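Chemist: Assemble the whole structure, with the sequences as input and the hints as a guide.
Read in order, the letters of the sequence shown correspond to residues 1 to 100 in the numbering used here.
Careful: at least some of the hints might be erroneous.
Claimed, not checked - Label-pair ranges, simulated between beta-carbon atoms:
id: 1; residue 1: D25; residue 2: F95; range: 48 to 58 angstroms
id: 2; residue 1: E77; residue 2: E27; range: 27 to 37 angstroms
id: 3; residue 1: R94; residue 2: Q64; range: 29 to 39 angstroms
id: 4; residue 1: A23; residue 2: I79; range: 58 to 68 angstroms
To be verified - No more than 20 angstroms apart at the CA atoms, straight line, and that leaves these computed lysine to aspartate or glutamate pairs for EDC-like:
id: 5; residue 1: K35; residue 2: E45
id: 6; residue 1: K35; residue 2: E47
id: 7; residue 1: K93; residue 2: E77
Hints listed in this document are in silico derivations from the structure and should not be mistaken for laboratory results. These numbers were taken from a predicted model, which means no experiment stands behind them. Note that the Cβ used here is the ideal one computed from N, Cα and C, for glycine as well.
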Amino acid sequence: AVKTSPPAAASGGCSPLPRRASARDRESVQALAAKVGRLRQALAELEQGRLEAAEAVGRLTRAQVSEVKQLARNPPESIRRTLSAAWILLHNKRFSGRTT
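Modeler: As structure tokens, this is what we get:
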């Protein structure tokens, strides 16, 4: 839709002229178009990865799913210690200034 100006009499007697896009505007549009293209490509790659992951999960057997559930409920001691150490490192500010 093209916007039109008020009649010439209402605009001071000048005839309406379409505004031309400046070089800066054209560069901005080109930059945005390039960014949209990159984002669409990244989205397509993510979609492909999601489909591959869904296919891989679909190939898991009941025994494998059961093993993963068991590990989540009761992880081995080495995993439990590693996760505890990681939690302490990530939340060390809670313990600053405290003595044991």
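Chemist: All hints, please: hold or fail.
Modeler: Each hint tested on the structure:
Separation of D25 from F95 is about 55 angstroms and conforms to the stated range, judged on CB atoms against 48 to 58 angstroms. As the Cβ distance of E77 to E27 is approximately 60 angstroms, the hint placing it in 27 to 37 angstroms is violated. In this structure the hint that R94 and Q64 lie 29 to 39 angstroms apart at CB holds, the actual value being about 37 angstroms. At about 59 angstroms, the beta-carbon gap between A23 and I79 stays in the expected band of 58 to 68 angstroms.
At most 20 angstroms may separate the alpha-carbon atoms for a hinted pair to count; K35 and E45 meet this at roughly 15 angstroms. Of the supplied pair hints, the one linking K35 and E47 holds, its CA atoms being roughly 18 angstroms apart against a limit of 20 angstroms. For the proposed pair K93 and E77, the alpha carbon gap of about 25 angstroms is over 20 angstroms, so the pair is violated.
When each numbered hint is compared with the structure, violations occur for hints 2, 7.
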